[in-house]
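S.K.: Spelled out, the chains give:
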Amino acid sequence: MSRSHVVTSSELQSLRDLELMTKATVEGLRQGLHRSPFHGYSAEFAQYRPYRPGDDLKYVDWKAFARTDRIYTRQFRETTNLSALFVTDVSKSMDFRGKFELARTVTAILGTLVLDQGDAAGVLAVDERAHYVPPRSGHHHLRVFLAEVAALQPRSHASIGEALRRAAAIVKRRGLVLVISDLYEDKAALTEIKRIKQMGHDVIVIHTLAREELTLDVGGAAEFVDLESGRTLMVEPSAARESYVAAVRSWLTTVEQQLRREGIDYLRLMTGDPLEPALRRFLVGRRGRT
Amino acid sequence: MSIAWTAPAALLGLALIALPIAIHLLVRQHARTLAFPSLRFLRETQLAAFRRRRIEDATLLACRAAIVALAAVALAGPVLQTAARTSGYAGRTSRAVVALDGAGDSLAATIADAAFASATFRRPEVADALSDAIRWLAEQPPSSREIVIAGTLRRGSIAEGDLALIPQGVGVRFQNAAGSASDEVTWPVLARRDGVLVRIDRAVHFEVDATRVADGPAAAVASDLVSIVAREADTALAEAALRAALDAGVSWSDFDRRTQIVWDGADAASINRAAPGAQIIRMPVPAPPSAAADAVLATLRAASPRPDRFEPVMLTPEQLSSWSRPPGSPLDNAPLRDEGDRRWLWGAVLLLLAIEAWMRRSRSEIASVADDSEVRVA
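Just so you know, the protein sequences line up as chains A and B, in that order.
The opening residue of the first sequence carries number 1 in the working numbering; numbering runs sequentially from there.
The opening residue of the second sequence carries number 1 in the working numbering; numbering runs sequentially from there.
Read the hints as simulated data drawn from the structure, not as lab findings.
Honestly, I wouldn't trust all of these hints.
If you anchor each label on the Cβ, the simulated ranges turn out as follows [to be verified]:
1. A:R211 <-> B:A22: 33 to 39 Å
2. B:L350 <-> A:V245: 30 to 36 Å
3. B:A18 <-> A:R281: 54 to 60 Å
4. B:A22 <-> A:S156: 24 to 30 Å
5. B:A354 <-> A:A246: 46 to 52 Å
6. B:A357 <-> A:A278: 56 to 62 Å
7. B:G340 <-> A:V225: 22 to 28 Å
8. A:E128 <-> B:A18: 33 to 39 Å
Backbone N, C-alpha and C fix where the C-beta goes; we use that ideal spot for every residue, glycine too.
Throw the hints in and build the complete structure from the sequences for me.
M.R.: Rendered as structure tokens:
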């Protein structure tokens, strides 16, 4: 997997915009959260060993002493930081009325938040090729991370399912996987998301949608062209709206239920909605659960 | 078979096809195409009018583009170069008639009648008329080309050098004005007959191959109608010379006015005395004396010249035959003329215009149906 090293001037401008927007939102979120919503696996129990003089008494397992009349000291594996991988959907269906910009912004904000708390963040998107920045920590990496996010563009032949499949193969250490997608490839995507969850990763799905996708509020009769397949359909929205909205709602409910059933955090974001309150609500809620 | 064009620049009009296409695209944009993330939750709205309209749109576009294309092609003046047509070019003749004189003019109308294209040229110099004719022939559509030189074909009326101007592929033919060479003129002659000065009306009849002269009856005129004065020493010679000249006879026009020939050195007093109010013609004393009669005759002829008529010695048929040649093949690069092929294209344009108008009307009906249904579902 490789990532582009060539940054065009438009991408640079896009990066600057992203940095500014991210900085403002992250500041707001940080003030509201006080405590990190993301947790690493700081001390994982490894084994007991007999107590030796000088061992810290706080690691003595007193319960074991009571049971066995022997003093044991608990030993832990080395402390690990959180490793977060953002899997961002760059399929053509994302290129609709600010939806992709929303996904990119959310990726940048949450990535910055992760990196700011000293953890590692990376990003993966797959179109004709893979755009991958491995999870790393450090302030210098923030720039690399944001540059990659800013360079992402919706393209044909992109697949979130494939990106998730690759993510499952890449991420060896247990960590956090954030999926940002419109989930139109729901079957493949949900299968991979569940698989990643079963691998022991913490998974968050951020479902990005344009408001018009829910309301079909797109004016009068028109020839609808599928952004991904190019298929066309003559639609009179006022006539189709009722059944469309019902179908979309049913689909959203199904997707959310499936994910929650698997213990996967689910956040639906819509274009036009204030982003910071929505993220804060979600992150506070998540902190409460951990 | 190939196609040639009378006005190929008009083919640039084909670029105007972009116009209906642009209109079509604009209208399509107006009709809205909406990119949407996924059609999985959408069902096609059952408005058959939309589908019909799309088909109508495409057909209408094709129709309009065809109208523009056919009109441009028609304006460019296509000429189908079929084998039959190409061979037909040789069968028609563009004819330039060079009229040498009035007789030629009257012949020209008859000669030009049967030609595919014809024109008559007459200039004071035959070479100029030939140049005009050659230029005109070069501008004619593909056809056999011929120059007919018509008029009274007297010797000297046209020369080989004039004919050398005519290009090789152009035929040359001569048309003699039949009977126009016959002419008769009568002029008076002053002469001495039996020692008396008389007036004779001389009739001259010009034929193609001969000239006949017939003198009318002689009428006496004043004996001093023509007199001569000289120095005293030359007086005898002068009078003898005048008598000899008048014996030969000289064309004379003014019998009401006396004329006096004055040799240099004559006494001025004797001039006035001999012929007061007479026309005085001065001349040097002829030398040698033997040439005196001819000199006096020449002076008299100069004073009253004969009518400017020539004996009509005609160009021989052999000469004309050697100068004649049949028309050559039509020029390859001759400018094309509309052969009527474009009328089919204009017909097609009219037909397509009618179809287009019908389709537009039909489409507007569909649109009204669509609008009605939109109102209903809304």
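S.K.: Are the hints correct? Go through all of them and say.
M.R.: Okay, the hints, checked on the actual structure:
1. At roughly 34 Å, the beta-carbon separation of A:R211 and B:A22 lies within the given 33 to 39 Å, and the hint holds.
2. Evaluation of the 30 to 36 Å hint for B:L350 and A:V245 yields a failure: the beta carbon distance comes to about 53 Å.
3. For the hinted restraint 54 to 60 Å between B:A18 and A:R281, the CB-CB distance of approximately 55 Å keeps it satisfied.
4. Restraint check, B:A22 to A:S156: a C-beta distance of roughly 28 Å satisfies the suggested window 24 to 30 Å.
5. A beta carbon spacing of about 49 Å between B:A354 and A:A246 agrees with the range 46 to 52 Å that was offered as a hint.
6. At about 58 Å, the CB distance of B:A357 to A:A278 agrees with the hint of 56 to 62 Å.
7. Checked against the hint of 22 to 28 Å, the pair B:G340 and A:V225 fails, with Cβ atoms roughly 49 Å apart.
8. Taking the beta carbon of each, A:E128 and B:A18 are about 35 Å apart, inside 33 to 39 Å as hinted.
When the structure is compared with the earlier hints, violations turn up for hints 2 and 7 and for no others.
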